[in-house]
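Going line by line, the protein sequences match chains A and B. In case it helps, my numbering puts the first sequence at residues 557 to 1012. In case it helps, my numbering puts the second sequence at residues 2 to 371.
Treat the hints with caution; some may be incorrect.
[To be verified] Partial list, derived from the structure: chain B residues whose beta carbon lies under 10 angstroms from chain A:
hint, residue
1, Q179
2, A220
3, G241
[Unchecked claim] BS3-like, lysine-lysine: derived pairs with alpha carbons at most 30 angstroms apart:
hint, chain 1, residue 1, chain 2, residue 2
4, B, K104, A, K792
5, B, K101, A, K558
6, B, K343, A, K854
7, A, K790, B, K167
8, A, K558, B, K141
9, A, K691, B, K367
10, A, K558, B, K167
11, A, K558, B, K135
12, A, K792, B, K101
13, B, K104, A, K558
14, B, K31, A, K790
15, A, K792, B, K31
16, B, K33, A, K558
[Said to hold, decoys possible] Pulled from the structure, derived: some chain A residues nowhere near chain B, Cβ distances all over 12 angstroms:
hint, residue
17, L606
18, R609
19, S612
20, G616
21, H618
22, G632
23, E648
24, E666
25, T668
26, E682
27, G762
28, L784
29, R828
30, D984
31, N994
32, E996
Bear in mind the hints are in silico, worked out from the structure with no lab data behind them. These numbers come from a predicted model, not from an experiment. We put the beta carbon where it would ideally sit given N, CA and C, even for glycine.
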Amino acid sequence: MKAVGARIPRYDGVAHVTGRTVYVDDVRIQGTLWAKALRSPHHHAGITKLDTRPASELKGVHAVITHEDVPLNVYGHLSALGIPADEPLLAEDAVRYKGQPIALVAADDEETAARAVDAIEIEFEERPALLDVRKAFDPDAPRIHQWGNWYTHFEDEMDRRQIRKGDIDAAFAQADTIVQGVYRPAAIEHAPLETQVCQVVPEANGRLTIYSCTQALYFSMGVVAAHLGVPLNKLKFVGGTTGGGFGGKVDTATETMTSLLVLKSGKPVKWRWTREEEFLCSSTRAPWHMEIADAVTKDGWILGRRMLTLHDSGAYARFSPYGLTKHSFHHTGAYTIPNLAFDGYVVFTNRVPTTAMRGFGVTSVSFAVETHMNRVAEVLGIDPFEARLKNANRIGDTSPNGVVYTDPSTVPTIQAIATAIGHELKSDYRAMTNEPRNGEWLPEHLVAQIANPEEH
Amino acid sequence: MAKHRGSGTAAIEYPTGMNQNGDPSQAWIKVKPDGRVDVFSGTADIGNGAKTIQSQIVAEAIGVPFDWITFDNSNTDSSPVCTGTFASRATFVAGNAVLKAAKQVREKILDVAAKEMEIDAADLEIVDGDVIAKGAPQKKMSVADVAGAATFGHGELITGTGAQLKPYVAIVDAGTGQVDLAPHSAISYAACAAEVEVDDETGEVTVLRLVQCFDVGRAINPTLVEGQIEGGAMMGLGLGVLETCYPYYPDTEHRGRQFGAYLAPGMENMPEIETVLIENPSTDGPYGAKGIGEMANNPQPPAIAAAVHDAIGVWITELPITPERVLRALEKRSAGRDQPTKHGKVVAFDEELSLARVAHPEAPVKLVVE
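Chain A extracted, bound-state conformation (with noise of 0.2 angstroms):
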């Protein structure tokens, strides 16, 4: 039987629904103690005074952490694509998000490890908070992050990611119409049934194996090793189930602070998000805000996109800035657009650090191209299938950053979901196919972009 094109039945498929799958939280090691964190209460404050003294001095309280117990308090996960630290493990002079954690502790069992948790004496001095993106540029904004309000840390320390192609003034000069339209869809969780959760063993050789529940066991391993400063031998992952991730457990949110309660105790720890934390603490996915204009053709083709986009990535920048490039990358959708001015932010605010999520960067844009197209259409009094398919991205034409299409399919897949739903298509259009352009569809204003102009 070939295995390719079968429709077999998932390999853990059964396991799942019948219970025996063995997730993180069904990991019983005996003697283990539970882990609880002191968070935030503010948007914005900064930390005057932290004495864990009398949690560490409850009974059955074996370890407290700090900022100070952390070899690497600030490391950043995507150093390696030259996105430099922001984010402190454990706050360390002041809290920028609500939830952020502060101090944890680890005792014999989880009411205990809370009641340590109250009895850690701090004061904050609460700071004024931003919320809103779209004033985050405000001259009299508060300034809430250490490098200002937006990540400054794109190519050549650009404070946008920037995309520029063809002549988008001229563009615009020429179109008959301009049509602009806000796009902000908001910020999800991901809601998964495992909350956050990890189990941490210290073994008899040194090392430590962690029970996680990430959706990158090595990339995670890597976030730990360099929080620790230590080599990857001296860590064992053990996972590669997870019980609902959807982007947010690429955060490696628990392994680290675990890993630290064990070095400090020398006992095995376990750490368990309560469904409410799952909600409130854990990051979410990005509330975008776009902008775009337009210049179009009365009938239907689009000669040029401006576009401005405030990426929502709360408190720190986490994996905000490649979201954000991604989104710049895809903000042409599945069309050929030749003249292009694009800015991208990636706007701080005092909420819950947003992340990766399913459709990451791009979920946002996708929104907003299409209900943009839409419009546009709607605007021209054309087919939306007819616009679409006319300005569709074809074999030859360029993206927005100057790589060629090879195989893109956007038009046998409008045509399909055109022939789906019983929607009729002109003949010239039903006989369009993705090769590259000629006669009607390869108008004056597409012919500079395309790439080997001879083939056509």
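With chain A held as given, fit chain B onto it using these hints.
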């Protein structure tokens, strides 16, 4: 007061693999003395079916039954690097790694079989767990016997290793964002049509039907990829009409802190879903596959927004399209305030939401159109 029906469409694209690449996945395989195959991969299965898909690729590439495969991604001591299960990369990037490892295993099985059968390896193939002489299928030896001979006769371990990496693609000009190589492993395409019903009294939007066409390159497992697309449709529906962390964004109050207070889509929201798979193979994915895991929740929100517009004539461009937003939009419409502003050849929607309107007049960042 009435219920209004409408339909709308969206078409999207989405990259496979990490943006700008640089994301390795690796695998290795060993064969037991009875020919059964152990695959070691670092790819976490987050419900995307990585264990199944990678096992299918290995079974196909070696030529043995699927149930001969044991898949182990359980720990970093035995499994090599996989950057992770995100960026729609598990099938394509990690799939290519196991494919390369499986091809090595196949070659080694054929080498041992060639010695045992005294037939040149180039004249042998593996079908359904048997090594067969091409054109003379009566001459065969089971892979189980070949593996036994390797272990106990030749003193060999049949293994294979595979690594997939497209090197990091740098932005060569920060001013224009230009790159000089494709900054992805592949691109996938999809379209979605939505049908909705909008109650103009309660403001509630019910998604009745979602039709989705996905170019998956090659469906390694049609059931699993349809499952991805249907699950994605439900997440897209959640994005479109239900979910938000901050009901009064940018304000952070009124956050849902439990499932009962956060509107994730449930079975009662499930519309009729129809899925059409298109197989336009990628140039270098395993068996032509592309990654569609993430994009599965991307086309529904704009299709739903268009369907709502078709139903009640208003554009709602802040998600989710809640009853409150529907009612406010209808209110604006009956007051005649829902039309875009026109100045010169500019037709401007949503001006009240724009930076130009909300930010301080001296703030340096705005969308400048003319």
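Checking a non-interface call: every C-beta of chain B should be farther than 12 angstroms from the C-beta of R609/A. Is that right? 31 angstroms, holds
Checking the smallest CB distance to chain B, is G616/A really beyond 12 angstroms? 28 angstroms, holds
Against chain A, with CB atoms and a cut of 10 angstroms, does the hint on A220/B hold up? This interface hint holds because 6 angstroms falls under the 10 angstroms limit.
Check the hint pairing K792/A with K31/B against an upper bound of 30 angstroms on the C-alpha distance. The hint holds at about 21 angstroms.
Confirm or reject: D984/A is not an interface residue toward chain B, with every Cβ-Cβ distance exceeding 12 angstroms. 18 angstroms, holds
When you look at the beta carbon of E682/A, is every beta carbon of chain B farther off than 12 angstroms? The claim holds: E682/A sits with its nearest Cβ about 15 angstroms from chain B, beyond 12 angstroms.
12 angstroms cut-off, C-beta based - T668/A kept clear of every residue in chain B: Holds, since 24 angstroms exceeds 12 angstroms.
Does the structure keep K101/B and K558/A at a Cα separation of 30 angstroms or less? Roughly 18 angstroms separates the two Cα atoms, so the pair holds.
Once the closest CB in chain B is found, is it more than 12 angstroms from L784/A? 15 angstroms, holds
Distance restraint between K31/B and K790/A, which requires alpha-carbon spacing of 30 angstroms or less: Cα-Cα ~25 angstroms, so holds.
Verify that the Cβ of E996/A lies farther than 12 angstroms from every Cβ atom of chain B, and report whether the claim holds or is violated. 20 angstroms, holds
Going by Cβ atoms, does S612/A stay more than 12 angstroms from chain B at every point? 30 angstroms, holds
The structure fails none of the hints (numbered hints given earlier).
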